[in-house]
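Going down the list, the protein sequences come from chains A and B.
Position one of the first sequence corresponds to residue 18 (the working numbering), numbered consecutively onward.
Position one of the second sequence corresponds to residue 2 (the working numbering), numbered consecutively onward.
The hints are simulated quantities; they were obtained by calculation from the structure and are not laboratory data.
Cβ atoms here follow ideal geometry from the backbone N, Cα and C, with glycine treated the same way.
Warning: the hint list may mix true and false statements.
Sample of chain A residues lacking proximity to chain B, with all beta carbon distances greater than 12 Å (derived) [unchecked claim]:
#, residue
1, ARG197
2, ILE203
3, VAL241
Example chain B residues on the side facing chain A (calculated, C-beta under 10 Å, incomplete) [to be verified]:
#, residue
4, SER76
5, PHE84
6, ASN92
7, MET93
8, PHE101
9, PRO155
10, ARG212
11, VAL214
12, ILE218
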Amino acid sequence: MKKPPWWRGLAIGLFLIYMLVPLAATLLFSFATRWDRTIFPEGMTLQWWEAAMGRRAFGMTLMNSLVVSLAAMVASVVLVTPTAYWTHLRLPKARPLVELFTILPFGVPGVVLALSLIRCYARFGGAIVYSPGMLVAACMVISLPFMYRPVINALNAADVRTLTEAAHSLGAGWLATMTRVIAPNIMSGIVSGALLVFSTVFVEFTLANLLVGARFKTFPIYLVEFTRFDGRQASALAVISFLFAWATSLAVLWVMGRADREREGALGAR
Amino acid sequence: MTYLSLQKVSKTFPGVAAVKDFNLEIRKGALVSFLGPSGCGKTTTLRMIAGFEQPDPDVGGIFLDGADITPIPPSRRDIGMVFQSYALFPNMTVAANIAFGLQMHRLSRREVESRVEAILDMVRLRETAGRFPHQLSGGQQQRIALARALAIRPRVLLLDEPLSALDAEVRIALRGEIRRIQSEMAITTVYVTHDQEEALSISDLVVVMNRGVIEQIGAPEEIYHQPRTRFVAGFIGTANQFNGVVVGGNEVACNEIRLITPSRAESGGSPNVVVLVRPENMTVHDRDPGEKARNVIDGIIETITFHGALTRVGVDVHGQRVTADITKSERTRFSLNQRVWISFLPDACRVMAREE
Chain A
18 MKKPPWWRGL AIGLFLIYML VPLAATLLFS FATRWDRTIF PEGMTLQWWE AAMGRRAFGM
78 TLMNSLVVSL AAMVASVVLV TPTAYWTHLR LPKARPLVEL FTILPFGVPG VVLALSLIRC
138 YARFGGAIVY SPGMLVAACM VISLPFMYRP VINALNAADV RTLTEAAHSL GAGWLATMTR
198 VIAPNIMSGI VSGALLVFST VFVEFTLANL LVGARFKTFP IYLVEFTRFD GRQASALAVI
258 SFLFAWATSL AVLWVMGRAD REREGALGAR
Chain B
2 MTYLSLQKVS KTFPGVAAVK DFNLEIRKGA LVSFLGPSGC GKTTTLRMIA GFEQPDPDVG
62 GIFLDGADIT PIPPSRRDIG MVFQSYALFP NMTVAANIAF GLQMHRLSRR EVESRVEAIL
122 DMVRLRETAG RFPHQLSGGQ QQRIALARAL AIRPRVLLLD EPLSALDAEV RIALRGEIRR
182 IQSEMAITTV YVTHDQEEAL SISDLVVVMN RGVIEQIGAP EEIYHQPRTR FVAGFIGTAN
242 QFNGVVVGGN EVACNEIRLI TPSRAESGGS PNVVVLVRPE NMTVHDRDPG EKARNVIDGI
302 IETITFHGAL TRVGVDVHGQ RVTADITKSE RTRFSLNQRV WISFLPDACR VMAREE
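Full structure from sequences and hints, please.
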């Protein structure tokens, strides 16, 4: 086998340093007693973690973020999965249009989206515009690509047309076909999409700050507030936020890996 | 008595007429094959019976036991279907796959269990009940797909090229199995295939289709021995075709050769005809048979191909390739580039009008 070039290890090493140093520094800073005069922290303490997590607002904002993320996740699954299925099966010509819609959020900055929503819905009053419900809806829009893509990939891989026809020929209506045949066979796509939506919405700051702000404080808002008066407590919160994102990413990788293994198992058996 | 009837059924996709004016009557309990090349409209017709495609509106319809089923959705037609790709639900075990249709028909749990067991016994795969589809061979998967479709006791069973993804040995075994089960259950069945041997071996009636229209409907023997069109003659088995002109009551001139044909020639009055002769009806001689044989032509052997029970020789007859079958014992008398004489009886000829 050809030996890999010498610069490959170097490039990977530099990349890892570039990625990991800020994370390690944030983690270290959250435990440091003082770290502004020396190369390494002068001492270690759990004081900042205790302070950050001891406040009532910590639990409340964490809960608010979880509620918004879960609501956006559930709504995305319920709305996007049947839409993708229907488009795939019955409106193949509309597929490019739907795909365009799903990538549009990448081109619209959060500030623009939030201000547009506020202007558009202002006539219905503040109770609606500045509500957690509006935040959930806005978060669904920005996370649309993350839900649609895995679902449509799973639909492409599962030969859903024939499965649907087989279910119909056995007497199943649309609901039974969707819930008992199609959804279980595209579950890996639904789960990865749902987890990606969850992690995207969980760390969303711009929309949360502009749409609900202090009325329904989410974890990212709480974190940003902390950076203004105590960087070490903010670091502790940032690490918690990272841990959530990592946990969901690992879950996505695990689900997708399992789906791949199942597929390989199925092919190997033939 | 007619059980399933297709009356003036047509299907047009944008820019393409897939099925044109299709008329067919099927009696209860019969196995009918739709046979034809790719794109001939056989699968589209089957899908219209299943309800997955709607025929062109305002003309004709599909009738089952006297009732028009055209407007009824597929899930309420009580028509079972077996797909080429099996279409077993990968997330369910074999037993759950079979039980699915029964549950959709709201049968009691006990009834579902007993029917699943009975149908698994019928396809002789009881031991696979707890396995998932990917743990089965292709042949086993197709038998389970058949069992699943039959479990709901459908009024009609449709099979869409069910054996084409399987290897030759399994295909032959499974088609016998399909015929056995179909006869046992006396279930009206429509079988789509492009494999003529498959269609001829298991059907009560064969419908040969080409370019969206029916070329011929008949029993397998009739389709083989009395093809009504050039297409059927060429598609079913192999047929040598000699273009010629009728020169007498039962004589056709094909270039320098004069062929004696049956007097009942169905040339439709046209003087321009084509004479069709199957290779198995030809006799190959290593010397001129003289006066004792009829319809003698001579040529040079160009190819000799082994087909198991028989050997097929390709002979160049004045520029035209003629194929004839010889037996194992005759094989030793012939070799490549040898001059041979081919003869055939007038009764072996089938004469039809030639479209210019």
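Okay, the hints, checked on the actual structure:
1. ARG197: 7 Å, violated
2. ILE203: 10 Å, violated
3. VAL241: 44 Å, holds
4. SER76: 5 Å, holds
5. PHE84: Holds. Min distance 6 Å.
6. ASN92: Holds - the Cβ of B:ASN92 comes within 10 Å of chain A, reaching about 4 Å at its closest.
7. MET93: 8 Å, holds
8. PHE101: Hint holds; B:PHE101 Cβ to chain A Cβ min 6 Å, cut 10 Å.
9. PRO155: 8 Å, holds
10. ARG212: 25 Å, violated
11. VAL214: This hint is violated: B:VAL214 lies away from chain A, its Cβ roughly 26 Å from the closest one there, beyond 10 Å.
12. ILE218: This interface hint is violated because 25 Å lies over the 10 Å limit.
Violated hints, in rising order: 1, 2, 10, 11, 12; the structure is consistent with all others.
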